[in-house]
Amino acid sequence: MSRVSVIALALGLAASSLALAASAATAPSPAITAAVADSNRPQADKDRDADRKPAEMLAFAGVKAGDKVVDFMPGAGYFTRLFAKAVGPKGRVYSLLPGELATRSQKAVDGQKALAQDKAYGNIVPLIQAVNAPSIPEKVDVVWTSQNYHDLHDAFLGPADVAAFNKAIFSALKPGGVYIVLDHAGEAGSGLRDTDTLHRIDPETVKKEVEAAGFVFDGQDDALRNTADNHTLKVFDPALRGHTDQFVFRFRKPK
-18 MSRVSVIALA
-8 LGLAASSLAL
2 AASAATAPSP
12 AITAAVADSN
22 RPQADKDRDA
32 DRKPAEMLAF
42 AGVKAGDKVV
52 DFMPGAGYFT
62 RLFAKAVGPK
72 GRVYSLLPGE
82 LATRSQKAVD
92 GQKALAQDKA
102 YGNIVPLIQA
112 VNAPSIPEKV
122 DVVWTSQNYH
132 DLHDAFLGPA
142 DVAAFNKAIF
152 SALKPGGVYI
162 VLDHAGEAGS
172 GLRDTDTLHR
182 IDPETVKKEV
192 EAAGFVFDGQ
202 DDALRNTADN
212 HTLKVFDPAL
222 RGHTDQFVFR
232 FRKPK
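Heads up: the sequence shown begins at -18 in my numbering, then just goes up one per residue.
Hints are computed from structural coordinates only; laboratory data are not their basis.
Among these hints, one or two may not hold up.
As the list claims (entries may be wrong) - Listed next, with one range per pair, are the computed distances between beta-carbon atoms:
no., residue 1, residue 2, range
1, Thr14, Asn207, 22 to 32 Å
2, Lys236, Asp142, 40 to 50 Å
3, Ala15, Asp142, 37 to 47 Å
4, Ala204, Asp28, 11 to 21 Å
Said to hold, decoys possible - No farther apart than 25 Å at their CA atoms in a straight line, the calculated lysine-lysine pairs in the DSS-like style are these:
no., residue 1, residue 2
5, Lys215, Lys45
6, Lys120, Lys27
7, Lys34, Lys215
8, Lys71, Lys155
9, Lys148, Lys100
10, Lys236, Lys155
11, Lys94, Lys71
12, Lys34, Lys45
13, Lys120, Lys155
14, Lys120, Lys215
15, Lys45, Lys88
16, Lys27, Lys45
17, Lys188, Lys34
18, Lys27, Lys100
19, Lys100, Lys88
20, Lys71, Lys88
21, Lys94, Lys188
22, Lys120, Lys71
23, Lys189, Lys155
24, Lys215, Lys189
25, Lys94, Lys27
26, Lys148, Lys215
27, Lys94, Lys120
28, Lys188, Lys100
29, Lys236, Lys148
30, Lys155, Lys88
31, Lys189, Lys45
32, Lys88, Lys120
33, Lys88, Lys148
34, Lys236, Lys215
Cβ atoms here follow ideal geometry from the backbone N, Cα and C, with glycine treated the same way.
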């Protein structure tokens, strides 16, 4: 075997080892697997699992039993229910709805009430608070927002003071806690141009804004990336809905 072949084989084995290590690091725990398999989850949620990859998302966030989690702008509670089961009875999930949205959407308020009243998820605590001044009752391990970070820049949320919001999230987390931002990717270099029209945001803009609050970028998950999405369509377009190019960033509060 030539020296070049030996080097190539060694590099191949090293790459395989790294891939296995990465896979092991993000493998879902039994608690996460059980949360996804939970029979109490609405069928509508289960039908979206293939597209949303919940087990991988929770594993990337590092959600574990006993954790305290904030789900910001929870929608109908897709991830809220998953968090509730994954953290278990010793954990807690704060479903945080901005007051600015609550005044405009009875549907959003009703969703909060439904989560709070569902006996299968007794560890969910609904909160309705001003977007610029969220006040979580205790320090938490994870703050999560899915497909909604871009909305902070839009008129129906004020628009929010994004710097103040991110600093409030930083304060709410325990040292070492993580802030997960999952959103629809905008065209590179587009900044905030498409947040209101296409409901997209430039991933690099998110990095800059969150890091400005004191967070350290701690990795990304590419499971929801879609190279077929050219970033020019609105995320609700029937040709693309549910399959947009999405980025998932993890930011950590330094210990």
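Numbers of unmet hints, in rising order | Hints 2, 5, 6, 9, 14, 15, 20, 21, 26, 28, 30, 31, 32, 33 and 34 contradicted; others consistent.
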